[in-house]
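Q: This is what each chain is made of:
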Amino acid sequence: MNCRSEVLEVSVEGRQVDEAMLALLHTILLHRSTGKFHYKKEGTYSIGTVGTQDIDCDFIDFTFVRVSSEELDRAIRKAVGEFKEALSNSGSDGMGQISLEFYQKKKSRWPFSDECIPWEVWSIKVNVVNLANEQERQICREKVGEKLGEKVINIVEVISRHEYLPKMPTQSEVDNVFDTSLKDVQPYLYKITYQITDSLGTSVSTTMRRLIKDTLAL
Amino acid sequence: MDNDLSPQDKKDLDKFIKFFALKTVQVIVQARLGEKICSSSSSSPTGSDWFNLAIKDIPEVTHEAKKALAGQLPGIGRSMCVEISLKTSEGDSMELETWCLEMNEKCDKDIKVSYTVYNRLSLLLKSLLAITRVTPAYKLSRKQGHDYVILYRIYFGEVQLAGLGEGFQTVRVGLVGTPTGTITLSCAYRTNLAFMSTRQFERTGPIMGIIIDHFVERPFPNTGHMHACDYRATGEEDGVGYPGVEDSQEVCTTSFSTSPPTQLCSSRLSYQPPMPGAADLCYPAALNSTNPHQMVLPGKEGGVPLMPPQPCHGTQAEHGRVSSCPPADPGHHLSGSPSTGGEAKTACRPEALETTFTRKVGAFVNKPSTQVRVHPPESPTTASPLHGSLHSQDSVDSAGQTQDDFVMVDFKPAFSKDDLLPMDLGTFYREFQNPPQLSSLSIDVSAQSMAEDLDSLPEKLAIYEKNIDEFDAFVDTLQ
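Residue numbers (our numbering), protein chains in the order written: chain A, 489 to 706; chain B, 201 to 679.
Just so you know, the hints here were simulated from the structure itself, not pulled from any lab data. Hints are not guaranteed to be accurate.
To be verified - Cross-link-like lysine to aspartate or glutamate pairs, in silico, EDC-like; alpha carbons within 20 Å at most:
no.	chain 1	residue 1	chain 2	residue 2
1	B	K660	B	E670
2	B	K306	A	D663
3	B	K236	A	D561
4	A	K593	A	D663
5	A	K655	B	E358
6	A	K572	A	E589
7	B	K236	A	E634
8	B	K236	A	D546
9	A	K528	A	E661
10	B	K256	A	D542
11	B	K218	B	E358
12	B	K236	A	D544
13	B	K236	A	E558
14	A	K639	A	E622
15	B	K312	A	E651
16	B	K306	A	E651
17	A	K671	B	D249
18	B	K309	B	D212
19	A	K655	A	D602
20	A	K655	B	D655
21	A	K528	B	D249
22	B	K267	B	D257
23	B	K309	A	E651
24	A	K671	A	E558
25	B	K312	B	E235
26	B	K236	A	D542
Stated by the list, open to error - Simulated coverage check for chain A against chain B, where a stretch passes if three residues somewhere in it have a Cβ under 8 Å from a Cβ of chain B:
no.	stretch
27	527–536
28	551–565
29	663–676
Yeah, the Cβ is synthetic: ideal placement off N, Cα and C, and Gly gets one too.
Excised from the complex, chain A in its bound form (with noise of 0.2 Å):
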């Protein structure tokens, strides 16, 4: 099974990183989460409710929907201030990719661990900019609202193709296949790295990797 690669680029200002970044990672996992599975006997299961809610982006003239979840929206932010800080340390360049993997774990025997194969990985490459007055910032402002809106519209017809999905787990193989470390919505296992792209536009020492879910921990 190949892994699904889709990639996303937006050029925005220094502090619209943030906002960017949680309205597309929060529009994928909108379609990447369900709610809490609750299985009952003879191996059927019921699913619960995903509440969602409308943001409003401060910076940025541009309303997204996210699942409500507090837990999750502080996991993504946490994701996203740490990238946003690595692209500040990083120079003045201000080039960098995030990435939302989704993936399933495939247990191994003893001593091997667990292997996570990724069916889904949505990459975001940012470009950041620098504006020198009032009147650009307020372009900006509009003009990554459209880019927003026109990523959206990519992100949705990509999950419209309903191609592969991870088939729905039994109860002891649900951790295998989503994130049920959440008290009221369940999304597919995923996990969030970055890298900062240097001037030169290769990857550098300050290449880092954060795991959000961790699941080599053996």
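Given the structure of chain A, go ahead and fit chain B onto it with the hints provided.
A: What follows is chain B alone, placed relative to chain A:
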């Protein structure tokens, strides 16, 4: 064919499609109420949340949707459409978008109804939630209030897109294959937001504060009355009482923002309250509609049968709208240019009791920027008598007016700075447009200097010969 579908599956599928249609309408209308929507997740299934999504049901909307469906289901050739339009307080209306839930003949026999179809319909609703915040009507709906409201109309049958004007764009939300056909959900939205009032040439007194509750009867079949995207409506239009709304959703905003005008840099339309005593006149001319909106789906796939756009005249005549004005001076439409801001102020003859209607162009009410006001062709203007009073409101100077459609704009070029030269680029250019010719280029002078050069040659040659050793030494150093 339904032969392969078990009776239970068929029943389930019909139920799914019916509730999917109802939920689709709810999502669309709620997204146009003008407020942020919020619902909570619940880990325990409540049994009443279709498609595992917390989508509230506004009773009137459900009622309208059921009325439009009249017991039928969306099927092949029978589409369910939700039309969103804008209606001003003066009674003018404009269709903004049409959401179409359709079905085509492409069947997926192997798909599991109770599981895969259900989950994919849930996914499609999530996509709809995301896309409804992205089309242009969303921003307009967030700013509705006294000056305009957003209305919806649900109809069943053939898709009608004629009212969207020329050059409308389509975005596909998604599709779900079922054993009886493929369900597709898409949105066609208007890109040409030019809007002219039918009453712009009247010289009547101002009409203030009356929202004309007159809904134009449409000639199309299966028409219904338009409804405000405001669930406080008590159903006066069709005289049906609805059960009270039980949910605790906030009421729509009624106050209008009087924040400073916005910058002219995009094709989005928003309204500003008319000046006190204003008539519904002087609606601005057409915007630059060439590629005003960048949300273009690369290509429509899957059977989304859209009617070819009808000529605008039919619709406009029916609604009494005047066709859009020729675009004003292209200098106004400074999209993409960072620091340009053009503004034209128009004057009104005070004696005609006609005041300018300020139309903000640009999406965002709360941001300070320049404003464009365009005067209708009929009113001759000279120097604006309102200039003095309006000047304090706006940061950009205005120029004098001319009698035709075009208005002088004081052009603020990009990157012009004041610190190096105490003048702007335009003044600089005018001043230095006709510089004197260089002296060496004028013929008399050059002829004279040639003669002088020739005369002085022998002397120069003598000097060079005297210093020949120096020159040789210099050449050696170069080697």
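Q: Taking the hints in turn, state whether each one holds.
A: Okay, the hints, checked on the actual structure:
no.: 1; hint: B:K660 / B:E670; in the structure: holds (15 Å)
no.: 2; hint: B:K306 / A:D663; in the structure: violated (36 Å)
no.: 3; hint: B:K236 / A:D561; in the structure: holds (17 Å)
no.: 4; hint: A:K593 / A:D663; in the structure: holds (8 Å)
no.: 5; hint: A:K655 / B:E358; in the structure: violated (38 Å)
no.: 6; hint: A:K572 / A:E589; in the structure: holds (18 Å)
no.: 7; hint: B:K236 / A:E634; in the structure: holds (19 Å)
no.: 8; hint: B:K236 / A:D546; in the structure: holds (14 Å)
no.: 9; hint: A:K528 / A:E661; in the structure: holds (15 Å)
no.: 10; hint: B:K256 / A:D542; in the structure: holds (14 Å)
no.: 11; hint: B:K218 / B:E358; in the structure: holds (18 Å)
no.: 12; hint: B:K236 / A:D544; in the structure: holds (8 Å)
no.: 13; hint: B:K236 / A:E558; in the structure: holds (17 Å)
no.: 14; hint: A:K639 / A:E622; in the structure: violated (25 Å)
no.: 15; hint: B:K312 / A:E651; in the structure: holds (15 Å)
no.: 16; hint: B:K306 / A:E651; in the structure: holds (17 Å)
no.: 17; hint: A:K671 / B:D249; in the structure: holds (18 Å)
no.: 18; hint: B:K309 / B:D212; in the structure: holds (15 Å)
no.: 19; hint: A:K655 / A:D602; in the structure: holds (18 Å)
no.: 20; hint: A:K655 / B:D655; in the structure: violated (100 Å)
no.: 21; hint: A:K528 / B:D249; in the structure: holds (19 Å)
no.: 22; hint: B:K267 / B:D257; in the structure: holds (15 Å)
no.: 23; hint: B:K309 / A:E651; in the structure: holds (17 Å)
no.: 24; hint: A:K671 / A:E558; in the structure: holds (10 Å)
no.: 25; hint: B:K312 / B:E235; in the structure: violated (37 Å)
no.: 26; hint: B:K236 / A:D542; in the structure: holds (5 Å)
no.: 27; hint: 527–536; in the structure: holds (count 3)
no.: 28; hint: 551–565; in the structure: holds (count 6)
no.: 29; hint: 663–676; in the structure: holds (count 3)
Violated hints, listed in ascending order, are 2, 5, 14, 20, 25; each of the other numbered hints is respected by the structure.
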